[in-house]
Amino acid sequence: MTTAPQWDLTQELTPHDAAVRRDRATQLALTLAQELWVVKDRLLVLEAALSAEGKSLREVIDRHQPDAATRAAIDAERRRFIEQLLAALDSPPDRR
Numbered sequence: 043m044t045t046a047p048q049w050d051l052t053q054e055l056t057p058h059d060a061a062v063r064r065d066r067a068t069q070l071a072l073t074l075a076q077e078l079w080v081v082k083d084r085l086l087v088l089e090a091a092l093s094a095e096g097k098s099l100r101e102v103i104d105r106h107q108p109d110a111a112t113r114a115a116i117d118a119e120r121r122r123f124i125e126q127l128l129a130a131l132d133s134p135p136d137r138r
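Position one of the sequence shown corresponds to residue 43 (the working numbering), numbered consecutively onward.
Derived from the structure by calculation, the hints contain no laboratory data. What you are looking at is a predicted structure, and each value in this text was computed from that prediction instead of being measured. Incorrect hints may appear among the rest.
[What the hints assert, rightly or not] Across the chosen pairs, the derived CB separations fall in these ranges: (1) 103 - 61: 34 to 42 Å; (2) 60 - 100: 21 to 29 Å; (3) 105 - 128: 28 to 36 Å; (4) 79 - 101: 38 to 46 Å; (5) 118 - 70: 28 to 36 Å; (6) 129 - 95: 35 to 43 Å; (7) 103 - 68: 13 to 21 Å; (8) 89 - 128: 26 to 34 Å; (9) 60 - 88: 33 to 41 Å; (10) 120 - 99: 14 to 22 Å.
Virtual Cβ for every residue (Gly too), placed ideally from N, Cα, C.
Given the sequences, and given the hints that come with them, work out the whole structure.
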């Protein structure tokens with residue numbers, strides 16, 4: 043049986059990593075990819091946890107009506123997310 047390769051997360055992104063760090067559009071894409079993976083990971087865990095309890099995530103979400111506090115938290119997270127994306131475009135390029 044073969045095992046999947048273990049990635050060293052401290053290694054360079056690509057052979058041309060310095061160029062990647064200087065490209066703001068690439069930085070934006072990497073920021074979006076990072077955020078997307080976090081969401082996908084959490085969603086998969088949530089689906090598995092609810093399924094183990096015999097619940098359908100889709101049904102739970104369709105029935106849920108967020109209260110004012112939850113809506114405010116969602117709005118704050120949306121603003122944080124947008125600020126992070128804009129920061130990826132505005133930040134000075136890394137000169138490594």
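Verdict for residue 103, residue 61 (Cβ pair) under range 34 to 42 Å: holds (41 Å)
If you check the beta carbons of residue 60 and residue 100, does the distance land in 21 to 29 Å? 44 Å Cβ-Cβ, so the 21 to 29 Å window is violated.
So does residue 105 sit 28 to 36 Å from residue 128, Cβ to Cβ? The hinted range 28 to 36 Å holds for residue 105 and residue 128, with Cβ atoms some 35 Å apart.
Does the hinted range 28 to 36 Å hold for residue 118 and residue 70 at CB? Given about 21 Å between the Cβ atoms, the range is violated.
Consistency of beta-carbon spacing, residue 101 to residue 79, with hint 38 to 46 Å: violated (25 Å)
When you take the CB atoms of residue 129 and residue 95, is the distance between them in 35 to 43 Å? Given a distance of about 39 Å, which is inside 35 to 43 Å, the answer is holds.
Taking the CB of residue 103 and the CB of residue 68, does the distance hold inside 13 to 21 Å? violated (33 Å)
Look at the Cβ atoms of residue 89 and residue 128 and judge whether their distance stays inside 26 to 34 Å. holds (31 Å)
Distance restraint evaluation - residue 120, residue 99, Cβ atoms, bounds 14 to 22 Å: holds (21 Å)
Holds or violated: 33 to 41 Å for the Cβ distance of residue 60 and residue 88? holds (38 Å)
Going down the numbered hints, you'll see the structure goes against 2, 4, 5, 7, while the others check out.
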